[in-house]
Amino acid sequence: MAAAMHPWLVEFIQRIDDHRLPTAHAAGGVLSDADLFDLFESQLDSRLLDLQSRLMQAAGQSFYTIGSAGHEGNAAVAKALRVTDPAFLHYRSGAFFIQRAKQAPGSTPLYDMMLSFAASADEPIAGGRHKVLGSLHLNVPPQTSTIASHVPKAMGTAFAIGLSKRLNHKGTWPHDAIAMCSFGDASANHSTALGAINSASWAAYQQIPMPLLLVCEDNGLGISTHTPKGWIQQQLSQRPSLKYFFADGSNLAETYLVAREAADYVRQKRKPAVLHLRTVRLFGHAGADAEVAYRSKQEIALDSERDPLLDSCAALISRGLLDHQQLIAYVHQQQQRIARIAKQASQQPKLETAEQVMASIVPPKRKSNLPAPVSGEQRTNLFKWDKHNAGKPQHLAKLINLALHDLMAQHQNIVMCGEDIAKKGGVYHVTQHLMEAFGPNRVLNTVLDEQSILGLAIGMAQQGFIAMPEIQFLAYVHNAEDQIRGEAATLSFFSNGQYTNPMVIRIAGLAYQRGFGGHFHNDNSFAVFRDIPGVILLCPSNGRDGALLMRQAVDLAAREQRVVIMLEPIALYMTRDLHQEGDGGWLHEYPSPQEPTPILGEPAIHGDGNDLAIISYGNGYYLSRQAEAKLAEQGHKVRVLDIRCLVPLHVDKIIDALGGCKKVLIVDECRRRGSLSEELFTALHETNPGMFTVSRLNAEDSFIPLGKAAYSVLPSTEQIIAQAQQLLEAN
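Its first residue numbered 1, the sequence shown is counted upward by one per residue in full-length UniProt numbering.
Simulated from the structure, these hints should not be mistaken for lab results.
Quantities reported herein were computed from a predicted structural model and do not represent experimental measurements.
The beta-carbon is built from N, C-alpha and C at its ideal position, and this holds for glycine as well.
One or more of the hints may lead you astray.
[Unchecked claim] Listed next, with one range per pair, are the computed distances between beta-carbon atoms:
1. G659 <-> L578: 50 to 58 Å
2. A354 <-> G106: 28 to 36 Å
3. E602 <-> R366: 21 to 29 Å
4. K662 <-> M358: 19 to 27 Å
[To be verified] As a list, the in silico DSS-like pairs of lysine-lysine whose alpha-carbon atoms are at most 30 Å apart:
5. K392 <-> K662
6. K269 <-> K343
7. K423 <-> K269
8. K343 <-> K102
9. K297 <-> K343
10. K350 <-> K102
11. K384 <-> K424
12. K170 <-> K365
13. K387 <-> K424
14. K297 <-> K269
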């Protein structure tokens with residue numbers, strides 16, 4: 001029994017039968033007969049998959065019908081590239097994916113894509129978690145981007161490929177590879193894309209290798225918004241150090257010829273290029289999009305005449321490879337084949353439990369023998385610049401800096417990047433002397449664009465580096481948070497742990513800076529990180545923990561391929577004293593590289609009193625230590641916990657550290673609404689209902705003002721003492 005056909009396919013076959021095809025483009029000998037048929041097969045299969053997906057959705061078997069119809073000329077782009085070239089694909093790249101799979105014998109792209117449409121747990125890249133185009137062996141990292149958020153990491157990957165050659169690093173992709181990234185004309189206007197394109201041009205302008213091929217598939221529409229005629233050419237053809245190419249995506253021979261020229265240029269020159277590919281969008285933006293609501297019937301009809309499949313059919317017939325009836329028979333054959341594949345795919349198992357869904361949030365641990373810390377003469381030479389301070393207690397910034405020296409010497413694949421981190425050593429000199437020790441290829445100054453910094457880090461991480469980007473201030477991450485939330489953190493989830501982003505993101509943040517500030521430099525909210533599955537957030541309050549947690553962060557990235565955020569309290573970077581000026585109470589000796597790192601999630605404990613426990617972190621822990629001393633003078637036995645690992649909270653370890661304390665004061669320097677204290681307060685009550693009497697002290701729900709006024713909205717030592725006394729005196 002023949003499978004049901006989509007109405008478009010019925011009309012398409014009728015057009016072939018009626019000989020209503022356009023005049024074939026002159027091929028000029030660019031494509032052989034075999035190549036032409038090969039590309040047409042990929043185009044047709046992609047279109048039939050899109051149509052089948054819509055039929056499956058009507059039957060409740062498919063869940064996402066945004067397709068590639070009209071963009072199938074990108075099959076010729078795939079043919080112009082190598083399978084070892086990482087490809088970061090626009091969601092309308094079905095034909096590209098099918099064509100690339102032909103370079104890897106044994107691939108089953110039609111079945112794999114149909115499993116994706118059906119959200120089957122057997123789908124080989126995302127395991128049914130989303131409809132994505134991705135494959136480990138085809139070098140297509142999966143993404144679900146619709147707004148070009150994948151362009152920064154493609155730029156980062158291109159840079160990392162060049163960096164691998166300079167550092168003699170064997171990465172995921174070979175030294176002669178190029179990174180390819182496709183996106184739509186509407187997405188070309190997004191700040192994410194513009195920042196990444198600018199960064200690629202900025203690097204190439206300085207003769208830094210940037211083998212990146214950008215493919216803008218221009219169908220003239222962003223859902224319902226028209227792209228002004230000529231805008232994409234004007235925008236992309238006049239950028240410094242970015243070579244511009246154009247091709248008509250309905251013409252396979254032209255697209256292949258120009259794509260090959262563009263790819264050869266990028267591969268040989270190691271410079272970026274953009275291929276502006278004119279396409280057409282058929283069937284609307286997605287299945288639920290009714291084009292007639294915002295486009296005239298005449299416009300829609302004109303676009304249907306630009307269908308690339310019509311041109312490819314005309315080319316096949318003009319060459320005599322198939323006559324009209326043979327072509328119809330072949331279309332029928334492929335349609336029936338894909339219908340059979342769909343039937344089989346729709347019957348495959350689905351994800352059914354939360355445990356199955358969440359299994360890939362955290363990547364599987366890799367078997368890895370990490371290098372030993374450097375020692376002996378090598379280490380002596382490493383710290384020769386600072387030998388006058390050897391053995392002396394130091395503040396947080398200095399001890400983090402020493403730890404970074406040790407770690408970069410130990411792990412030759414650590415690469416740091418950020419604004420002003422190289423010769424200047426960062427705004428707070430935390431990275432000083434690192435460039436002198438490890439060179440400009442491992443300590444990189446970047447453009448002032450956090451999206452590009454994080455995209456660069458993701459690209460380097462996928463190339464086998466341990467990326468260590470620095471965000472200069474916590475407030476600056478908010479314009480780029482999707483690079484963490486939507487790209488870095490989701491990669492393992494959407495690839496079943498096959499692709500990972502091992503990185504340590506260093507961010508200077510929190511409040512209490514003296515003589516400086518305003519909300520951009522005294523940002524006391526990290527709520528953005530608290531709901532990102534899989535991310536780890538560490539926060540040291542003192543130099544000893546700063547060194548140990550930095551080592552722990554790198555270990556988590558290296559062994560477990562984790563995305564780790566190191567939130568470093570700016571106000572404590574240079575703090576030396578605890579109780580009074582000159583006491584040196586907040587200076588610590590540098591812990592030996594052989595010293596074990598803390599158990600993840602285990603808080604540090606000061607004191608063993610059972611009258612009251614104060615739980616805090618960062619600046620709050622520093623202030624709580626001051627308060628504890630005053631409370632001890634009053635005869636109260638108090639212990640103070642420094643959480644250190646803020647995301648995820650290890651509530652069991654925190655409760656164990658409370659010992660016999662039943663009264664708990666949470667001191668949280670972040671705002672009362674949306675702060676960690678909410679989660680901790682709730683967890684203590686949910687875990688042990690009625691056991692604890694809990695109070696919390698927070699900053700006001702306010703931005704941080706400039707100058708001394710800042711301290712009017714932040715917790716103080718005096719407030720901690722007063723609220724602790726209320727708890728202690730309560731029955």
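Structure-based check of all given hints:
1. G659 <-> L578: 50 to 58 Å: violated (23 Å)
2. A354 <-> G106: 28 to 36 Å: 34 Å Cβ-Cβ, so the 28 to 36 Å window holds.
3. E602 <-> R366: 21 to 29 Å: For E602 and R366 the Cβ distance comes to about 24 Å; the hint holds.
4. K662 <-> M358: 19 to 27 Å: violated (34 Å)
5. K392 <-> K662: Violated, because 39 Å separates the two Cα atoms, which is more than 30 Å.
6. K269 <-> K343: The given pair, whose Cα atoms are some 47 Å apart, is violated under the 30 Å limit.
7. K423 <-> K269: Roughly 29 Å between the alpha carbons, so the hint for K423 and K269 holds.
8. K343 <-> K102: Holds. K343 to K102 sits at ~23 Å (cutoff 30 Å).
9. K297 <-> K343: Roughly 34 Å separates the two Cα atoms, so the pair is violated.
10. K350 <-> K102: Satisfied, since the Cα-Cα distance of roughly 27 Å is no more than 30 Å.
11. K384 <-> K424: Distance ~19 Å between K384 and K424 Cα, so the pair holds.
12. K170 <-> K365: holds (20 Å)
13. K387 <-> K424: holds (21 Å)
14. K297 <-> K269: Not satisfied, since the Cα-Cα distance of roughly 46 Å exceeds 30 Å.
Hints 1, 4, 5, 6, 9 and 14 from the earlier list are contradicted by this structure; the remaining hints agree with it.
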